[in-house]
Amino acid sequence: MQEMSVVKKSIFTAVCLALCVVLPQAFHAVPNAGSVYLPMHIPVLLCGLICGWQYGLLCGLAGPALSTLFTGMPPVAILPVMMIECAVYGLMTGLMIKIIRTKKTYVDLYLSLIIAMLSGRVVAGLARALIFAPGNTTLATWTASYFVVSLPGIIIQLLLIPSIVFALMKAGLIPMRYPQNGS
Amino acid sequence: MKSLPTGIFIPGDSPIHRLDSSIKLLALFITVVTIVLVNSFLGYVIMILFIMMIAMLSGISLPVALNATNKLYWFFIIILLMNTFFYSPEDAWFSFWVFTPSMTGFTYGLTVVLRVFLALVISNILTSTTPPMEITHALEHLISPFSYVGIPTGQIAMILSIAIQFIPTLAEETDTIRKAQMTRGARFDSKKITQKAEAVLPMVIPIFLAAFKRADELSVAMEARGYRGVSGRTKKSSRPLLVGDYGALLIVLLVCLLQIALRLINLTRTY
Numbered sequence: 001m002q003e004m005s006v007v008k009k010s011i012f013t014a015v016c017l018a019l020c021v022v023l024p025q026a027f028h029a030v031p032n033a034g035s036v037y038l039p040m041h042i043p044v045l046l047c048g049l050i051c052g053w054q055y056g057l058l059c060g061l062a063g064p065a066l067s068t069l070f071t072g073m074p075p076v077a078i079l080p081v082m083m084i085e086c087a088v089y090g091l092m093t094g095l096m097i098k099i100i101r102t103k104k105t106y107v108d109l110y111l112s113l114i115i116a117m118l119s120g121r122v123v124a125g126l127a128r129a130l131i132f133a134p135g136n137t138t139l140a141t142w143t144a145s146y147f148v149v150s151l152p153g154i155i156i157q158l159l160l161i162p163s164i165v166f167a168l169m170k171a172g173l174i175p176m177r178y179p180q181n182g183s
Numbered sequence: 001m002k003s004l005p006t007g008i009f010i011p012g013d014s015p016i017h018r019l020d021s022s023i024k025l026l027a028l029f030i031t032v033v034t035i036v037l038v039n040s041f042l043g044y045v046i047m048i049l050f051i052m053m054i055a056m057l058s059g060i061s062l063p064v065a066l067n068a069t070n071k072l073y074w075f076f077i078i079i080l081l082m083n084t085f086f087y088s089p090e091d092a093w094f095s096f097w098v099f100t101p102s103m104t105g106f107t108y109g110l111t112v113v114l115r116v117f118l119a120l121v122i123s124n125i126l127t128s129t130t131p132p133m134e135i136t137h138a139l140e141h142l143i144s145p146f147s148y149v150g151i152p153t154g155q156i157a158m159i160l161s162i163a164i165q166f167i168p169t170l171a172e173e174t175d176t177i178r179k180a181q182m183t184r185g186a187r188f189d190s191k192k193i194t195q196k197a198e199a200v201l202p203m204v205i206p207i208f209l210a211a212f213k214r215a216d217e218l219s220v221a222m223e224a225r226g227y228r229g230v231s232g233r234t235k236k237s238s239r240p241l242l243v244g245d246y247g248a249l250l251i252v253l254l255v256c257l258l259q260i261a262l263r264l265i266n267l268t269r270t271y
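In order, the protein sequence lines correspond to chains H and E.
Those letters in the first sequence? Residues 1 to 183, per the numbering used here, in order.
Those letters in the second sequence? Residues 1 to 271, per the numbering used here, in order.
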């Protein structure tokens with residue numbers, strides 16, 4: 001992305017943080033939506049992509065905490081793991097979108113997203129296995145909770161996030177990544 | 001979405017309202033840690049009485065204090081049942097298929113539920129008695145030592161304060177989009193999960209576009225008024241800490257120490 005002002009990045013991060021609270025509430029009509037559709041991950045990933053790694057990291061750390069404070073979800077017991085997971089998502093999308101430049105916006109977005117989503121899940125699994133639930137975390141439970149149960153959420157993220165980025169570019173709210181290509 | 005204003009600030013002049021916001025935030029952190037430390041029946045009784053006393057002093061009504069827990073009754077029941085039926089196969093009352101209900105599991109489930117419940121109530125009391133801006137200033141004050149290692153604490157506090165102020169606005173916006181989708185035939189009230197999910201998903205892109213449009217307008221307005229970041233920005237000086245603030249912090253610390261002592265003595269241990 002082209003550079004945005006610090007003020008704009010800060011306000012966009014604030015909005016992503018607010019969406020970390022509001023979006024899961026919108027999904028509340030669907031039972032178990034939090035772990036299946038992963039609504040809180042969408043603003044965090046988007047924040048990293050649009051504003052950069054520092055802002056993505058902040059959004060990932062503060063988003064779940066703010067949501068717990070205001071709505072009680074995620075519960076305090078799983079909050080630390082979720083904060084770590086989301087922080088890695090925000091950090092990695094920001095770093096990857098800065099590093100990866102293939103001249104095609106969609107490719108950049110998908111590569112950044114996939115790397116971030118994988119690293120977040122690996123780090124969250126390691127955090128569970130080594131710190132928060134040592135002895136109770138196996139490869140099978142990790143795969144089940146981070147890939148199988150949340151498969152609809154992963155698909156939604158891969159479909160929606162690049163579309164949202166493009167919609168924001170077309171609306172002129174964020175700068176084009178490759179202005180010469182019009183994308 | 002209508003029930004979102006959990007923890008919204010309720011103006012008042014109670015002793016809890018008058019406390020310094022930094023002290024309240026620090027006390028909240030210590031209280032939550034204390035709740036996690038509790039592992040005895042006596043400890044829970046003390047914590048419940050302590051939080052009830054804070055709720056009474058804050059002058060907020062019982063329904064408001066318990067507002068944050070209203071949506072979580074099913075979560076509490078599921079946690080309790082899952083722990084009762086699966087936690088401890090060793091001392092189960094009986095065994096049927098995969099179910100091994102036990103007193104140990106029930107007690108553990110009750111403990112988890114009670115901890116989450118108490119943490120939510122005390123967080124709700126903080127947000128109900130402290131304006132969002134004061135919470136932000138308190139946060140900025142508490143994290144200010146990190147500025148010595150280059151972390152922009154002022155900017156982080158500004159982002160958090162704007163985020164908190166955006167929550168009700170975006171909740172309202174989401175509700176409007178939800179109603180618009182309903183007029184187009186979205187079935188949020190359907191009993192089928194797939195239909196509910198189909199109704200919710202098309203809302204996501206309009207929510208993001210509306211939210212970012214508002215953010216863009218706000219950033220343009222701030223830049224137009226000369227805002228260039230928090231460095232060099234002045235603010236209203238906060239009042240000095242009073243005896244009551246120190247007293248409140250001391251009481252919270254004493255409760256925490258009492259719980260640590262109870263834990264060490266292992267008096268009337270629950271599990």
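Honestly, the hints are just simulated from the structure, not real lab data.
Treat the hints with care, since some could be wrong.
Unchecked claim - Distance condition first, Cα-Cα at most 20 Å in a straight line; then the derived DMTMM-like pairs of lysine to aspartate or glutamate: (1) H:K9 to E:E223; (2) H:K170 to E:E198; (3) H:K98 to H:E3; (4) H:K170 to H:E3; (5) E:K213 to E:E172; (6) H:K104 to H:E3; (7) H:K9 to E:E217; (8) E:K213 to H:E3; (9) E:K213 to E:E223; (10) H:K103 to H:E3; (11) H:K170 to E:D216; (12) H:K9 to E:E134; (13) E:K179 to E:E198; (14) E:K213 to E:D175.
Keep in mind it's a predicted model, so treat the numbers as computed, not measured.
Results of checking the hints against the structure:
A C-alpha spacing of about 12 Å is found between K9 (chain H) and E223 (chain E), which places the hinted pair at or below 20 Å, so the restraint holds. Distance restraint check for K170 (chain H) and E198 (chain E): the Cα-Cα separation of roughly 25 Å exceeds the 20 Å cut-off, and the hinted pair is therefore not satisfied. Pair hint K98 (chain H) plus E3 (chain H) holds up; C-alpha atoms about 11 Å apart against a cutoff of 20 Å. Of the pairs offered as hints, the one joining K170 (chain H) and E3 (chain H) holds, with about 17 Å between alpha carbons and a cut-off of 20 Å not exceeded.
The suggested pairing of K213 (chain E) with E172 (chain E) holds, with an alpha-carbon distance near 15 Å, which does not exceed 20 Å. The straight-line distance between the Cα atoms of K104 (chain H) and E3 (chain H) is roughly 18 Å, inside the 20 Å bound, and the hint therefore holds. At most 20 Å may separate the alpha-carbon atoms for a hinted pair to count; K9 (chain H) and E217 (chain E) meet this at roughly 13 Å. A C-alpha spacing of about 18 Å is found between K213 (chain E) and E3 (chain H), which places the hinted pair at or below 20 Å, so the restraint holds.
For the suggested pair K213 (chain E) and E223 (chain E), the alpha carbons sit about 15 Å apart, so the restraint of at most 20 Å is met. Among the hinted pairs, K103 (chain H) with E3 (chain H) is consistent with the structure: their alpha-carbon atoms are about 17 Å apart, no more than 20 Å. Between K170 (chain H) and D216 (chain E) the CA atoms are separated by roughly 14 Å; this keeps the pair inside 20 Å, and the hint holds. Between K9 (chain H) and E134 (chain E) the alpha-carbon distance is near 23 Å, which puts this suggested pair outside the 20 Å criterion.
Annotation: proposed proximity of K179 (chain E) to E198 (chain E) holds, straight-line Cα distance about 15 Å (limit 20 Å). Restraint check for K213 (chain E) and D175 (chain E): the C-alpha separation of about 17 Å stays at or below 20 Å, so the hint holds.
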